[in-house]
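> The lines below spell out each chain.
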Amino acid sequence: MDLLQNVFAMLYQFGDTFAFLVISCAGLAVIFGMMGVINLAHGEFIMCGAYVTASAARAGLPLPVAILTGALVAGAVGMLVERMVIRHLYHRPLDSIIATWGISLIATQGVLIVLGSTMQGIGTPLGSIEVGSRSYSLYRLVLMVCALGLLGGLYLLFYHSRFGVIARATIQKPHMAHALGVNTGRMYGLTFGLGAALAGLAGGLYAPTMTMVPTMGATFIVESFVTVVVGGADIFVGAAPAAAILALIKAGLTAWYGQLFGQIGLLVTVILVIRILPGGLSGWLKGTTR
Amino acid sequence: MTRNRPTLAGLMAGAAMALVAAAPAFAQDGPIRIGVLEDQSGDFAAATMVKVHAIELAAKEINDAGGIDGRPVELVIYDTQSDNRRYQEFMRRVLQADNVDVVFAGFSSASREAYRPIVNQFDGLAFYNNQYEGGVCDNNMIVTGAVPEQQFSTLIPWMMEEYGPNVYTLAADYNFGQISAEWVRQIVEENGGTMVGEEFIPLGVSQFGQTIQNIQATEADFVVTLLVGAAQASYYEQAASANVSLPMASSVNVGQGYEHKRFTPPSLANMYVTTNYIEEIDTPASNDFVERFRAMFPDEPYINQEAANSYIAMNLYKQMVERAGTTDHDAIRSVLAEGDVCFEGPSGNVCLDPKSQHMSHTIYLAKVNDDHSISFPKVWDDIKPYWLGDAGCDLTQNDPSAQYTPSAPPPAQ
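So the sequences go chain by chain: A and B.
Numbering-wise, the first sequence is residues 3 to 292 according to the numbering used here.
Numbering-wise, the second sequence is residues 8 to 420 according to the numbering used here.
Keep in mind that a hint or two might mislead.
No more than 25 Å apart at the CA atoms, straight line, and that leaves these computed lysine to any residue pairs for SDA-like [unchecked claim]:
hint, chain 1, residue 1, chain 2, residue 2
1, B, K268, A, F227
2, B, K268, B, G77
3, B, K268, A, P176
4, B, K362, B, K385
5, B, K268, A, L65
6, B, K268, A, Y141
7, B, K268, A, S57
8, B, K67, A, R85
9, A, K175, A, V239
10, A, K288, A, F227
11, B, K385, B, N198
12, B, K268, A, P64
13, B, K268, A, P127
14, B, K374, A, Q122
15, B, K391, B, N182
16, B, K268, A, K288
17, B, K362, B, N376
18, B, K67, A, G118
19, B, K268, A, V239
20, B, K67, A, Y141
21, B, K268, A, I115
22, B, K391, A, S130
23, B, K268, A, G112
24, A, K288, A, I266
25, B, K268, A, R60
26, B, K268, A, A61
27, B, K362, B, P209
28, B, K268, A, L114
29, A, K288, A, L128
30, B, K268, A, L117
31, B, K268, A, G62
32, B, K268, A, I273
33, B, K374, A, G125
34, B, K268, A, Q122
35, B, K374, A, G129
36, B, K268, A, L63
Worth flagging that the hints you see were computed from the coordinates, not collected in a lab.
The task is simple: from the sequences and hints, build the whole structure.
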């Protein structure tokens, strides 16, 4: 029984970290992997999703609907930002970093000015379960299922839908896709919107567990960038296994040495990966299968 | 009252000001300029916007009543953005360019230690109106916030008597958390208790799954939470949803970040905090303060202990300048050295201690109930900031400009 309890505890921590990494990096990975844009406003799309979710939930919507509303609003904002700013910077990656950073500053400060320095939270639903002598939040188990569902959903979307085929064609050979009649501008807009919506979804899913402040997006930033850098450009071959490996490293180090070493472990891994596998996991995996 | 923003015009005006102010006669006759460096944006803004408002309220009341010694008060306010480098930048600016008479500055201890050398370099005078880990023995600083001997020597023994001797500390991983945790450790040992765990959390961490499990794995009777900033405050929600129903003790929560107002009940239930002021304190002086505050700032989310400290500090400064007849720092310090600089404010009667230039407090034990209302199981009157003086810091004799801790006390004379 004691063994079972410890195994469950370890699995739970691993799953918890894995879910956090996958959910927080999905939007960033889609935008970077598909479009090559490094979106420094990622955290603010997360914040947008969280704020909309909390407002919608307090207005009386059931939580799942509120979370979807948050994702949709963040996606709509994302498409707007793409049309107004990002579109003009597709061939200027460095400029797009500066531009998205500027958007992130404007969003954080704007929310602070308009909505104040904090927003009341909505409380974590579902309560807790007992395993042996320890108790666990049930909602975080739901988050783990959501992370797996998210990966499955994105796989279906990109590899088994018309949108996915056209999106991948647009990314790989934009001129050819364009010649074949694909509206590439619209595809870029939709892809960026999808990335923003995924960020909003992350915010919505974690909104009930966190403090609602304008800077809340920043707490996702390190983890999501680390996952995308380690994973490389492809979300399935790269980000998903990267999240699993990083979750193992982070959960293990945090369990043995505390939070500080968990953070150090993440960052050391990134440094090693950049040095040894500059293309990330996906670059390496694809290279060996070729 | 002006609100300065970093603009080119502001810079030039500041430079011009510095030139003009070179003539000492001018400084004596014009308004008294007070620099205000507080975080109005960034991670700490939730707890510190209210400090700026408290200073504005005090300035308005002082000006309406004829100013300090007949001279109006003029505030020079900068937003330090929860960023230690901004503190250094703006501290240089208010002392060199804006030529202020006194500065009210700082929330986190990291920010205080970032700007303190600059205050020393230009021989300025700064009020630090925050509760903190204690130990700053510096002639250029006056501290109105509560310190560990006021907050922990009261809280920890009370908690141990009420709930048991096994203590788990969860602290933010920087100077405040580390030194506060050292105080907790020492007080727990003095009272025959056991530290069953201690974990330091880097600032900005928001996921506490493993930490919660570590706490559950011990036989802790209560958890001392010394978490700082909006990200770390996510702990309470996550601990509550994992059903960690241990009582919590803190020197920073509720009285600073009003978590009981921001989170859904009952995530903060059973938290005990020692604070020298919060708006729920039901005394005529406190109610009157809240009323005046809300009359000027109707949308203020919460009036915390730092707001009261800032307000008190303004009035203490007024008293000292009027008694000294000048804003000269040595003259102010010799007034302080008389040992009877007191003020009857929103939190009761408080006095400045000449040896450490810290302040005595009425300490309220605030308990968060299941519905997040506050009750006060105990009040300690007139708790003095005795540790620095007992340990050998005496600013009336010499000025080491250092920060001491229980494990690194002042050197024996």
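> The structure should be examined with respect to each hint, and the outcome stated for every one.
Here is how each hint holds up against the structure:
A threshold of 25 Å between alpha carbons decides the hint, and for K268/B with F227/A the separation of about 33 Å lies outside it, so the pair is violated. For the suggested pair K268/B and G77/B, the alpha carbons sit about 41 Å apart, so the restraint of at most 25 Å is broken. At most 25 Å may separate the alpha-carbon atoms for a hinted pair to count; K268/B and P176/A exceed this at roughly 52 Å. Simply put, K362/B and K385/B have alpha-carbon atoms about 28 Å apart, too far for the 25 Å limit, and the pair is violated.
For the hint linking K268/B to L65/A, the alpha-carbon distance of about 21 Å falls within 25 Å, and the restraint holds. Distance check on the hinted pair: K268/B and Y141/A sit about 23 Å apart at the alpha-carbon level, within 25 Å; holds. For the hint pairing K268/B with S57/A, the CA-to-CA distance comes to about 16 Å; that is within 25 Å, so the pair holds. For a cut-off of 25 Å, the pair hint linking K67/B to R85/A is broken: about 48 Å separates their Cα positions.
The hinted pair formed by K175/A and V239/A meets the criterion: a straight-line CA distance of about 20 Å does not exceed 25 Å. Pair hint K288/A plus F227/A holds up; C-alpha atoms about 21 Å apart against a cutoff of 25 Å. A distance of roughly 19 Å separates the Cα atoms of K385/B and N198/B; the hinted pair therefore holds under the 25 Å criterion. Under the criterion of a C-alpha separation no larger than 25 Å, the hint pairing K268/B with P64/A is consistent with the structure, at around 23 Å.
Between K268/B and P127/A, the direct Cα distance comes to roughly 18 Å. Compliance with the 25 Å bound is thereby established for this hinted pair. For the suggested pair K374/B and Q122/A, the alpha carbons sit about 20 Å apart, so the restraint of at most 25 Å is met. With a C-alpha separation of about 23 Å, the suggested pair K391/B and N182/B falls inside the 25 Å cut-off, and the hint holds. Using a Cα cut-off of 25 Å, the hinted pair K268/B and K288/A is violated, with the two alpha carbons roughly 51 Å apart.
The hinted pair formed by K362/B and N376/B fails the criterion: a straight-line CA distance of about 39 Å is larger than 25 Å. The suggested pairing of K67/B with G118/A holds, with an alpha-carbon distance near 23 Å, which does not exceed 25 Å. At roughly 44 Å between alpha-carbon atoms, K268/B and V239/A are farther apart than 25 Å, so this suggested pair is violated. A hinted pair counts as satisfied when its Cα atoms are at most 25 Å apart, and K67/B with Y141/A does not qualify at roughly 49 Å.
Note on K268/B and I115/A: the hinted pairing holds, with a Cα-Cα distance of about 20 Å set against a maximum of 25 Å. For the hint linking K391/B to S130/A, the alpha-carbon distance of about 44 Å lies beyond 25 Å, and the restraint is violated. A C-alpha spacing of about 23 Å is found between K268/B and G112/A, which places the hinted pair at or below 25 Å, so the restraint holds. The suggested pairing of K288/A with I266/A is violated, with an alpha-carbon distance near 28 Å, which exceeds 25 Å.
Of the supplied pair hints, the one linking K268/B and R60/A holds, its CA atoms being roughly 15 Å apart against a limit of 25 Å. At most 25 Å may separate the alpha-carbon atoms for a hinted pair to count; K268/B and A61/A meet this at roughly 18 Å. For a cut-off of 25 Å, the pair hint linking K362/B to P209/B is broken: about 34 Å separates their Cα positions. Of the supplied pair hints, the one linking K268/B and L114/A holds, its CA atoms being roughly 18 Å apart against a limit of 25 Å.
A distance of roughly 41 Å separates the Cα atoms of K288/A and L128/A; the hinted pair therefore is violated under the 25 Å criterion. For a cut-off of 25 Å, the pair hint linking K268/B to L117/A stands: about 16 Å separates their Cα positions. Under the criterion of a C-alpha separation no larger than 25 Å, the hint pairing K268/B with G62/A is consistent with the structure, at around 20 Å. Taking the CA atoms of K268/B and I273/A, the gap is about 41 Å. The hint is violated against a cut of 25 Å.
With a C-alpha separation of about 20 Å, the suggested pair K374/B and G125/A falls inside the 25 Å cut-off, and the hint holds. Distance check on the hinted pair: K268/B and Q122/A sit about 8 Å apart at the alpha-carbon level, within 25 Å; holds. In summary, the hint linking K374/B to G129/A is supported, as the alpha carbons are separated by about 23 Å, within the 25 Å threshold. With a C-alpha separation of about 22 Å, the suggested pair K268/B and L63/A falls inside the 25 Å cut-off, and the hint holds.
Checked against the numbered hints above, the structure violates hints 1, 2, 3, 4, 8, 16, 17, 19, 20, 22, 24, 27, 29, 32; every other hint is satisfied.
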